[in-house]
Structures are given as structure tokens and as C-alpha cells.
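Protein chains in written order, with our numbering: chain A, 245 to 614; chain B, 14 to 301; chain C, 9 to 240.
Hints in this document: simulated from the structure, not taken from any laboratory. Bear in mind that the values here come from a model prediction, so they are computed numbers and not experimental data. Among the hints, erroneous ones may be present.
DSS-like cross-link-like pairs, simulated, lysine-lysine; straight-line CA separation at most 30 angstroms [said to hold, decoys possible]:
1) B:K282 - B:K109
2) C:K28 - B:K282
3) A:K379 - C:K28
Some chain A residues judged to face chain C by a derived CB distance under 7 angstroms, without partners named [claimed, not checked]:
4) L337
5) D340
6) A349
7) G350
8) K352
9) I353
10) C570
If you want the footprint, here are the derived chain C segments under chain B, 3+ residues with CB under 8 angstroms [unchecked claim]:
11) 13-27
12) 90-96
13) 185-191
Positions of the beta carbon are idealized from the N, C-alpha and C atoms, including for glycine.
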Amino acid sequence: MTPETMPEVLLKAENLLVRRGGVTVLDIPALDVLSGQVLALIGPNGAGKSTLLLTLAGLLKPARGSLLFRGEKIGNGGFDYRRRIAMVFQEPLLFDATVFDNVAAGLKIRGIGRAEIGRTVPEYLERFGVGHLAKRSARKLSGGEAQRTSLARAFVTKPEIVFLDEPFSSLDPPTRDALIGDLEQILRETHTTAVASTHDQMEALRLADRLAVMNGGKIAQIGPVAEVMNRPADKFVASFVGVETVLPGRVLSVSDGVFVAAVEGGEIQAVGHVRTGEGVLCCIRPEHVTLSTNAPPLGTSARNVFSGIIRTITPLGLFHRVRVDCGFDLVAYVTRQSLEELLLQEGKSVTASFKATAVHVIRRGALPPG
Amino acid sequence: MKRELQRVLGAALVVAAFLTVMALPTCAAAPAQKNLILATTTSTQDSGLLDVLIPAFEKKTGYFVKTIAVGSGQAMAMGRKGEADVLLVHSPDAEKKFVAEGSGVNRLIVMHNDFIVVGPAADPAAIKGAKSTVEAFKKIAAAGSLFLSRGDNSGTHSKEKGIWKAAGINPEGQKWYQETGLGMGQTLNVAAEKKGYTLADRGTWLSLQQKLGLPILKEGDPILLNVYHVIPVNPVKWPKVNADGAKAFSDFMVSAETQRIIKTFGVEKYGGALFFPDAGKKEDDLGK
Amino acid sequence: MDLILEGILKAFYLIFTLDKEVLGITLLSLKVSGTATLISLFIGISVGTAVALARFPGRQLVVSLINTGMGLPPVVVGLFVTIFLWRNGPLGFLEILYTPTAIILAQAVIATPIVTGITLASIQHLPANLRLQILALGATRVQMVWLLVKEARLPLLAAVMAGFGGIISEVGASIMVGGNIRGYSRVLTTATVMETGRGNFDVAIALSVILMLLAFLVNAILTQIQQRERPR
Chain A
245 MTPETMPEVL LKAENLLVRR GGVTVLDIPA LDVLSGQVLA LIGPNGAGKS
295 TLLLTLAGLL KPARGSLLFR GEKIGNGGFD YRRRIAMVFQ EPLLFDATVF
345 DNVAAGLKIR GIGRAEIGRT VPEYLERFGV GHLAKRSARK LSGGEAQRTS
395 LARAFVTKPE IVFLDEPFSS LDPPTRDALI GDLEQILRET HTTAVASTHD
445 QMEALRLADR LAVMNGGKIA QIGPVAEVMN RPADKFVASF VGVETVLPGR
495 VLSVSDGVFV AAVEGGEIQA VGHVRTGEGV LCCIRPEHVT LSTNAPPLGT
545 SARNVFSGII RTITPLGLFH RVRVDCGFDL VAYVTRQSLE ELLLQEGKSV
595 TASFKATAVH VIRRGALPPG
Chain B
14 MKRELQRVLG AALVVAAFLT VMALPTCAAA PAQKNLILAT TTSTQDSGLL
64 DVLIPAFEKK TGYFVKTIAV GSGQAMAMGR KGEADVLLVH SPDAEKKFVA
114 EGSGVNRLIV MHNDFIVVGP AADPAAIKGA KSTVEAFKKI AAAGSLFLSR
164 GDNSGTHSKE KGIWKAAGIN PEGQKWYQET GLGMGQTLNV AAEKKGYTLA
214 DRGTWLSLQQ KLGLPILKEG DPILLNVYHV IPVNPVKWPK VNADGAKAFS
264 DFMVSAETQR IIKTFGVEKY GGALFFPDAG KKEDDLGK
Chain C
9 MDLILEGILK AFYLIFTLDK EVLGITLLSL KVSGTATLIS LFIGISVGTA
59 VALARFPGRQ LVVSLINTGM GLPPVVVGLF VTIFLWRNGP LGFLEILYTP
109 TAIILAQAVI ATPIVTGITL ASIQHLPANL RLQILALGAT RVQMVWLLVK
159 EARLPLLAAV MAGFGGIISE VGASIMVGGN IRGYSRVLTT ATVMETGRGN
209 FDVAIALSVI LMLLAFLVNA ILTQIQQRER PR
């Protein structure tokens, strides 16, 4: 990216420290929210995602640290800043009024007249799929309808940043799916900057441009989605972003950027800047593992080919998670179609393969002997 | 949060204060002298006499009288604290003490009515033929017949206590002696309900008589005289009292016109006067 | 039984002939208790909301005090207000003892903790994040408080009814601070006590019937509003 196309830093957080009951719950030395991008926060419960969102939205005062919005420090108790952002929570938190009145709430708060409200609100009701519910009381909405209303309410004020705290967690999968799709489209169309926290990896992948993995109040890793997903910085991030196979090993030999690592039960070829004798963690995403019933598989550039026995097959939505024992555990994702075509079942022998470049290496330093 | 708390509280108090000021009566704008606090007894108020006299006084003088009807005891307590301007009570012994201690000045006799002893028609203690009220009370005690006392330090109660004292009897704590702590009308009703004896002022009894079924069993005894005095509270002791108003009221109560009203009060309704005007007379001369 | 019937008949007679004295007493009752309710609403809703939303040292104590105040015996309030308003008392210079204003004051003191306590509970009962959501919508602190109160309007209506109901039927404090002065500070409850004391039971019952009709009417109107908004 050239400097001209580099997105500007819309919101900059520095030295954020939040304590609760004497315990540090958030400790962020630096965080940038880039304009026009979606930053997804993922992490286990209690990692501090909600706390970070509230702090970034100016709703929670940190014990220490500052926020700069468009280069200016946020002052005046954050009120002016709050008028330029919006937040959606896990619960819709609608008012006891009609859908129309709910969506208009932010506008009314800003003193916008009835005429203009009448022009603006219907458009957003339509866009978020609740146009036909305008006169319905908020008490009588389904979970999905309510959350759509909450989203419309947030977007109608044309916020410069939208903060979303696990907005789809309490919805059932089909509803969630539809909503994520709609939100994704709207975010893209309006180039709205957003910071969203989620439990669901898939959600993060669909919505986010950048991903931040949080743990214990700190950011373990932040960067473009692909980078974080495929090159986790440490074991925790790796396990959290869904890297299913993490194999500790020791570098046996290095040649031209390709090295061989000895892991328990076998040897793996991978790519990386390592030294012989170094301890490494080999991370292999299940999407990168191919299963075949031919041994060896024909015409493949994969340097890692192992035969093994299928130990477990677990259905996982649209595909299946297959665990193969190749001397070490290797996890692969297989479509239902492939499962049926290859007649895969527990106990069957298969060949599992993956490319050397699919192995993400985390350097560990010298491993203890043994 | 603290600032918000303060601001909201402040706003609320301002509004509340505004409302309270709006609620203040226009009377408060008028000079304090206009208000005259008259402490009197419930039986006086219940007789209805004040409903005639007070408006007449107000019309004549322009004062606004606040009639606070409580027991004689409380009326004098109020006077002692300077919380009333003038008293109209009927408890001579306590009144004399009240003046002697300097709480009241210019005690003037106004009128009297009398007490009667009423009881069940069957008259179980056979007091009807008794020679005196003291005698009658002795008989009630001897027979252990139910006696209802107001027990509220009112003028009636004081009179009743005086009679027991004269009879050399201490009725308190005895099973047949019950203290209601209520006003005269209510006590009469209780006595009627329970078929007991009681001491009542004629006025209240007359107004309830038809519904009561509690005949007069002893009357006319000098000891049963109930004398009313008007006593201004001592302005030297309590400078805040409305001394002029108190004097005006005193003068009014003993004026010829008022005395005439007192004389004719109730005659039409009950067939007989309830009160007997006594202005200018000496207390000891009454009933003779 | 016929005494009650007599009383009911007398009540209707007094109402239909628009008996001047009874009318005056009734209007005064409405004015006094209505004003006191309004005052208690202003203080109660503000303080209740503020305490519900704020965090400060000693908050627990304040909440306990409010809850204790809800059960404050009216007679005790009457006694203390009287002592304060006495000529020689700290507020004697106001000269409002034995006036309707004093009754309004005493009744406001009785009703305010009730309204405060119910408001406090209602606001605390709102979803925890609602306050943050409202702030995120760009509301000023004042707007936020207003919107929260609006969200809690149904239980707050109950607070109004509780407050009004408590004081329209109050008698002890009203007698003590008001003096039950004819045509001036005599309200339905104090008049009822007086007539009972005099033995005029039919009048007393009539006044009670009117009092209950009044209380019923006000509550019927408020209940109508409340139930109309009831979540289904």
C-alpha cells in the first residue's frame, strides 16, 4: 500500500489501563482503528473485549490513557465524540415504543426535526429489513427483528465509527447468518469504520479487515485477518483462531528456507527462518490438510504426506472435522460430499497431506532436553 | 456520576421549593397579627358554640382565629410554651396554677355548664337516690359497676378526678374503671355500648341523647358545675403571642352581646340552654 | 348495618346537594394531597433516579435510609413537623403551623420516601446496559435520565398511586400540623375523626364514603393509563 492509499488512523488509543476492584482488566499500550475498516476483537470470555469496546466508545473512563479521534484528544467528558459514534450491544436494548420511534431515537436526541426524521428513518428501516414493522411495538419483536432495529438505530445517525459488542451472539444460526450478511453489505457500501467483538470465528472472518486477538486484558496479536489467522504469534492465538493442529518439535535440518522439524511421531517439512536445534511450534490449519484414499496421492506438490487412521469424525455445520492419527494428531476439514465420496469413516486408513508452506511456524527458542 | 447526582438533586430541590412557595397560603403574606391561635377543648368545640361565636368575632374584628381543639391539659401545655395566644378552658384548679406560675394573665370567667352522671337505665349501683355526686361515686365503687373515664386530662376528666378524690377513692387500676382516652361523644357511645356509668357535660349528652339511651342519674350538685374561663397567654413571658388579639377575644367573650348569644344557644334545638353566661361574676358565687 | 346504609345515603345526599362545607373539605383534601403528591414526585423521582444511577461512598446507607423512610409512621412525621413549625421552633418564623401548607409539607414528607424508594427500585430494574446504550446514542446526561425515567414509566405510575393513596388517607399528621380548623385546614380525614368523636356517625360514614370514592376515582384513572401500556 502506498502512503496515499494507506487508511488514516481514525481512532488512536494509547496506554489504556482499566482496573476493576483492584484488578487490571485492560492493559493496551497502543491500538489503532483505521478508517473505513472493520476491526474484529476475538478472545475468550473475560479477555476484556467488552471493556475495550466501551473504553474506545468513550463510555468507560480508563484509569490511565488517552483516546485521539482524528488526531484530537477526546475531551468534554466525551460528549461530542459520542455524538459521532454509535454502539450496538448483545441485547437489542430497545425502548418501550414502536420500531420507528426506536430508530428515530438517536435523531431525536440530536434535536433533528420531525420532518427530517420522517424522511431519513424509513430508508434505514428498509435497509435493515424492518420496514414492514415500523409501527410494531418493540415488545413484540423476535430476536432478529429487534437486533435489526438496534442496528438501524445505530446507523441512522451516520456514525463515523460503529462499535458492536457481540451483536449476534444471542441469535440462532440462520438469523445470525442473515444478519451478518446484511451488516457486511452495509459496512462495505457505506465504508463505515467499525470495531466489533465476537465469539464466532466465521463472523470475524466475514466482517473483519483486521483482527485483534485478546487475552487477559491485553492484545495478543493484531493485524490483517489473513496474517493473524495464518500466522498466529503464539500458542494462545493459534489455538484461538482455530488452528487445530499445533505440534511442538525441534529443527533437524535447514536447507534453502525449507527445514525439517522432528515432531512426536514423525517429521514435518516447513518453511521459515529457523536454526537447527531450535524448538518450534508447527501450526497447521485444518483447511490446509487434504485427505485422500490413494497412497501416495497423485500429482501433488505437498511435501508432507502421511498415512494414518481416522480416529474421529465430528460434524461441524457445513463440513466435518476429521482427526487422523499419523503418529501425531492431524486435524482436517472435509466436506460432506468428500466424506461420502471417499467413504471416510472412523477406523479407516487414509493419506493426509499438506504443503510445507501451509505450516505456520512459531519459534520457541531452545527446547529443554527430552 | 457525582456531578450528575448533584445537578439532578439541585434541580429537584429548586422545583420542589418553587412548588412549596406556590403552595403557601396568601394568609402568610398578611401580617402575623391577623392570626390568633385559640387553644380550647374538644367538648367546647363539639358543643357547636364556637361555630357561632368564632365567625361573629372574626367578622367584628378581622382576626383570623385558628381554633385548636385538644384536651385542657394539652391546651395549657401549649399556653405554657407560648404556642397559643389565648385559652378557653374549663379546669379551674389547673387554670389557677397556670396563672400563678405566670403563664396566663387576666383570667376572666365566661360561662358555665354542668356535668351530669349518666348510666344504664337499670342503674345497678342504685345511685339515683344518692344525696350527692360524691355519694354516688362511692356507691359505684362499692358495687364495682363499670365506669368509663375519658382519661385524657380534659376538663371533664379533671372534674371526675376531683370527685373521686373528694370521695377518698382511687379508681385507677380497678377492674370496673376503664379509661377510653377519647373525646366526650365517643366516650358516651362506649358507655352506652357497654352499659356503664360516666361523667359527661350536659351539652354533649344533649346532642347525642336520643341515640344513646343513657339517662341522667345525678345532676344539679354544685360540684358538677363546669366553669369556663378565657385566659390570654402572658405576653411578657412569650413576646411572640398575639397579645392584642388575645385581649380582643377576651373582651369579646365577656361582652354583653356575646353573653346573650351564649344564653340562647341551643334552646331551639334542645329545648334548653347548654351554657349559662357568667361574665363579671365571682366563681365562688356560682351555683348558690 | 343500617348505620352504614344511613351513612351511604347521607353521603349521596351531601354530594348531590353540593353541600358547601363538604364540598370545601373535599376540594381542600384534593388540593392538599395533590400538591403534596406532586412535590413528592419531583423530589422522589429525581433523588430515586440519581441514587439508582450513581456510585458514591455510603450509597448503601442512603438506600437503607430510603427504604426505612418508606415505612415511616405518618404520626411520627406529624409530631416532628409540628415541633419544627412551632412558633418557638426552628422554622417558627415561617408561621405555617395550623395552615393547609403545613399539611402539604407533612404529607410531602410522608410520601417522598415512598416515591423515592419505588423509583430507585424501578430504575435499578432496567437492563444494566440501557444507560450505556442511551449515552452511546449521543444523549446528554439530562436526556439520559429523562429517557430512563420514561422507560420506567409503568412502575413509576405505581409509585404515584402509592404516594397519593398513602397521603389522601392520612389523618394523624394532618390533625397535628393542620389543626382541623373549620373551612380552612379541615380535610376529609380530619373531619371524619372529629365527627366520629362527636358521635355523629352518619356524617362520619358519609365523609368516609366520599373519601373512598375520591381515592377510587384517582386510582381508577391512573390504573387505566398503566394497564393501557401493559406489555402483552
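Now the hints, each set against the structure:
A threshold of 30 angstroms between alpha carbons decides the hint, and for B:K282 with B:K109 the separation of about 34 angstroms lies outside it, so the pair is violated. For the suggested pair C:K28 and B:K282, the alpha carbons sit about 22 angstroms apart, so the restraint of at most 30 angstroms is met. With a C-alpha separation of about 51 angstroms, the suggested pairing of A:K379 with C:K28 is violated against the 30 angstroms cut-off. The criterion of a C-beta within 7 angstroms of any C-beta in chain C is met by A:L337, whose closest approach is roughly 4 angstroms, and the hint holds.
Hint status for A:D340: holds, given a least beta-carbon distance of 6 angstroms to chain C, under 7 angstroms. With 7 angstroms as the threshold, the beta carbon of A:A349 comes within range of chain C, its nearest partner Cβ sitting at about 6 angstroms, so the hint holds. For A:G350, the suggested interface contact is upheld, since its CB lies about 4 angstroms from the closest CB of chain C, less than 7 angstroms. Nearest Cβ of chain C to the Cβ of A:K352: about 9 angstroms, over the 7 angstroms cut. The hint is violated.
Residue-level restraint check for A:I353 holds (minimum Cβ-Cβ distance to chain C is 5 angstroms; threshold 7 angstroms). Checking A:C570 against chain C: minimum C-beta separation of about 48 angstroms lies over 7 angstroms; hint violated. For the region 13-27 of chain C, the assignment as covered by chain B is violated, since 0 residues bring a beta-carbon within under 8 angstroms of that chain's beta-carbons and 3 are needed. Figure legend: the region 90-96 of chain C, annotated as covered by chain B; annotation consistent (3 residues with Cβ-Cβ distances under 8 angstroms, at least 3 required).
Look at the region 185-191 of chain C against chain B: 4 of its residues bring a Cβ nearer than 8 angstroms to a Cβ of that chain, three or more, so the hint holds.
In this structure, the hints that do not hold are numbers 1, 3, 8, 10, 11, in rising order.
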